[in-house]
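**Q** The lines below spell out each chain.
2 protein chains.
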Amino acid sequence: MNSPRVEIINTGSELLLGRVRDSHLSWLGRKLFEIGLRVTRQTTVPDGGVIRDALLEAFSRAEIVIVTGGLGPTTDDITREVVAELLGLRLELHQETLNRIQERCLKRGFVFQDRMSRQAMVPEGAIVMPNDHGTAPGLHIAPTEGVSWITPHLFLMPGPPRELQPMASAYVIPYLAGLVSGKESHECRIYKVVGMGESLLEASVGLELSKRGDIEVGYCARPNEVDFRLIAPKAILDEVEPLILAIVGDHLVSDDTGSMEEVLVNYLREAGATLATAESCTGGAIADSITDVAGSSDVFLGGYIAYSNECKSRMLGLDPELIRKHGAVSAEVVEGMARGVLDKTSASHALAVTGIAGPGGGTPEKPVGTVWLALASRGDDKTIVWKENFPMDRITFKQMVVQSALDRLRKRLKGSAR
Amino acid sequence: MNSPRVEIINTGSELLLGRVRDSHLSWLGRKLFEIGLRVTRQTTVPDGGVIRDALLEAFSRAEIVIVTGGLGPTTDDITREVVAELLGLRLELHQETLNRIQERCLKRGFVFQDRMSRQAMVPEGAIVMPNDHGTAPGLHIAPTEGVSWITPHLFLMPGPPRELQPMASAYVIPYLAGLVSGKESHECRIYKVVGMGESLLEASVGLELSKRGDIEVGYCARPNEVDFRLIAPKAILDEVEPLILAIVGDHLVSDDTGSMEEVLVNYLREAGATLATAESCTGGAIADSITDVAGSSDVFLGGYIAYSNECKSRMLGLDPELIRKHGAVSAEVVEGMARGVLDKTSASHALAVTGIAGPGGGTPEKPVGTVWLALASRGDDKTIVWKENFPMDRITFKQMVVQSALDRLRKRLKGSAR
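If you're matching them up, the sequences are chains A and B in order.
In terms of our numbering, the first sequence has 665 at position 326, counting the first letter as 1, and numbering is strictly consecutive.
In terms of our numbering, the second sequence has 347 at position 8, counting the first letter as 1, and numbering is strictly consecutive.
I should point out that these hints are in silico values taken from the structure, not numbers from a laboratory.
Beta carbons: idealized from backbone N, C-alpha and C, even for Gly.
Where hints are given, some of them may not hold.
[Claimed, not checked] Which bits of chain B does chain A cover? Going by a derived footprint, with three or more residues having C-beta under 8 Å, they are:
1) 508-514
2) 697-708
3) 732-742
[To be verified] Derived DSS-like pairs: lysine-lysine, alpha-carbon spacing no greater than 27 Å straight-line:
4) B:K726 - A:K446
5) A:K726 - A:K753
6) B:K683 - B:K664
7) B:K683 - A:K446
8) B:K683 - A:K683
9) A:K683 - B:K664
10) B:K705 - B:K664
11) B:K705 - B:K721
12) A:K705 - A:K664
13) A:K750 - B:K726
Chain A extracted, bound-state conformation:
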């Protein structure tokens, strides 16, 4: 099979109503790329009969179709039935699955409901993928030989990510890796660039690379950052990398697929340094994002969430008079917070932030979005203090502040770590 096309169909009205944010595409997209496959299209349809149209369309375009959701026990879950009808397959009871469901109910103290047995009905000939984290099994229907039209490899998978992901890792990904083995594998390398717009990036290096014809070049702009994406065999990427590094230079945050947090944790580890934090307006988001990195406990000691003024004084030993005089959102207070962290912990670096996330609390002098940040380092009397203004919704505000704080520390560490 030569470069099979993969389509993902997500079912679920909650996705279209905006009540749940899909994570399957990003998770599956990465896993499939790793084995040399590209998702060529993704579609979201509501619960109910529309799934039928979406399936027929995908069948006409793709060799591999992955459907998520609609395998539950309730009446709005009809993926299994629609597929069986569409392919002319009888639904048969799969005793082993029924036993698993009944055992699961017993173990968790739930009463077995008759309607749960629908989940044990399987289209004839389908391969059952057991679900270790829920009741609905996954189903794999392989292309049928000798029928008048050709069906793709069809995978029906449960909607909850913690059920789908282990099932995909155990079965779907290894199976598909076997199908496409031998294909020349491509690598996706993403250069995160800060302080250089995508136009300039394209003019100075991107255009030349895409003219070669053997590299797929892409750009994705984000707040303060552009992802400069190259897809090609590893040898070609290695060949052009020196050129990219020479042109992008200091604007480069990371030359691999690592996040800012991963880069920081590595830098700290290489420098033999540690970090602690004092957060007000971000409410722990800096620490939360760093501790998402496995192994961060090597370099992250802990932090203070000094949300109230009382906490700023009690946790960090800040003089209440300082807050009264300058306000909680001020250069003086954020510097005091950062120095307080160095006093109270053994960390080599301290990051502190205090600001107004909104929607309330702004004043003409300090509007919503104002934030003061500080970076203090042990053995260095000078604390770096800076101000930003991110007049966005609360969640984006927090993300931007986290990014600004981490990037400052990254720049400081860059010299010592590399």
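Chain A is fixed; fit chain B onto it per the hints.
**A** Structure of chain B alone, referenced to chain A:
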């Protein structure tokens, strides 16, 4: 216009490669529902020519089509050009937009690149939606009268959420609200249910409600939680609510669309109570999720992120001997952390967690996923201490622990607050 269908087309190879997770569908889905519109389908296509097929298909099905992305300055951004070609519209220079882009470059200290002027090219007759947070303007192409086939309302919008969202709020949503005004508006009410599976929920109340024919009933299962979703005019939802409350009873987390965090902040406010936290394995995620709620500063004082053992002792006054004897992940230590928070702050309630997020650090006695949680309340000598096991990836582990901690506090507050 009677119940127009809305389709969203997301363009961007980064979405299909799994490098960026889409947020447009969930954001737009909610905003559109509020004005009486439902997204009937969403499609993701890569950068490049495929957008043409996706547009033609959407035109045949929907009255309103919203395209996100592909309006940037680089060569992989071709949405504008494809739409102009497809609709037979000439691209004309929009001088005002060109001026804005040049001014923006000046202000931000970027050199104006010739290729940026592509972003000022506008299909004839299109309405330009100015972009206050980036260079690419949005475009609205209204249905053309007198042509042989009917086009929908077409909105082309920039891909970055912080550019798209203000533009949609300022222009697209108000415009569409005007189009559909007068339509009977439906409400979407979501009952978050904990400890009652979706099968039982359907058997005991859901099936009866869906038989009525005037209520759309849906279920969405998540770790430890089911969203039980009803869509109907407000009067009908008010009518059936007592029945639901009677059956679901204590399993109900929230009877509105509020998140667990919003419910908690309200409960704390109503009870005149405050909260502080001590987190180890969650690294600030509990505090982070609470401080996502606007107004949380009324009730959330602050927290300690005691990630290292040293921090557990220094921040919370925990006897290092206790950690040596029982280990950092133990009932004794988590209780000490919670009591420490009450000692060190003036909070009325304290939540503490310590566990092993993995992938490293597990032992046969305390495998990865083990976590101890504690809830201590002022004036109550008894600390509630409990253990959970969430053997999942690091991010899901953190989410599950946050959920478990918040739910325990919710249950404690429920009596006093309501």
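**Q** Does each hint hold? Answer for all of them.
**A** Hint check results:
1. Requiring three or more residues with a Cβ within less than 8 Å of a Cβ of chain A, the coverage given for the region 508-514 of chain B is violated, as only 0 such residues are present.
2. A count of 4 residues in the region 697-708 of chain B with a Cβ less than 8 Å from any Cβ of chain A is obtained; the coverage claim is therefore met, three being the minimum.
3. Against chain A, the region 732-742 of chain B contributes 5 residues with a C-beta closer than 8 Å to a partner C-beta. That satisfies the three-residue criterion, and the hint holds.
4. Taken as a hint, the K726 of chain B and K446 of chain A pair is honoured in the structure, with Cα atoms around 18 Å apart against an allowance of 27 Å.
5. For the hint pairing K726 of chain A with K753 of chain A, the CA-to-CA distance comes to about 22 Å; that is within 27 Å, so the pair holds.
6. For a cut-off of 27 Å, the pair hint linking K683 of chain B to K664 of chain B stands: about 24 Å separates their Cα positions.
7. Pair hint K683 of chain B plus K446 of chain A does not hold up; C-alpha atoms about 41 Å apart against a cutoff of 27 Å.
8. Only pairs whose Cα atoms come within 27 Å are accepted, and K683 of chain B paired with K683 of chain A is accepted, the gap being roughly 14 Å.
9. Of the pairs offered as hints, the one joining K683 of chain A and K664 of chain B holds, with about 25 Å between alpha carbons and a cut-off of 27 Å not exceeded.
10. Restraint check for K705 of chain B and K664 of chain B: satisfied, since their Cα atoms lie roughly 15 Å apart, inside the 27 Å limit.
11. For the proposed pair K705 of chain B and K721 of chain B, the alpha carbon gap of about 25 Å is at most 27 Å, so the pair holds.
12. For the hint linking K705 of chain A to K664 of chain A, the alpha-carbon distance of about 15 Å falls within 27 Å, and the restraint holds.
13. For the hint pairing K750 of chain A with K726 of chain B, the CA-to-CA distance comes to about 41 Å; that exceeds 27 Å, so the pair is violated.
When each numbered hint is compared with the structure, violations occur for hints 1, 7, 13.
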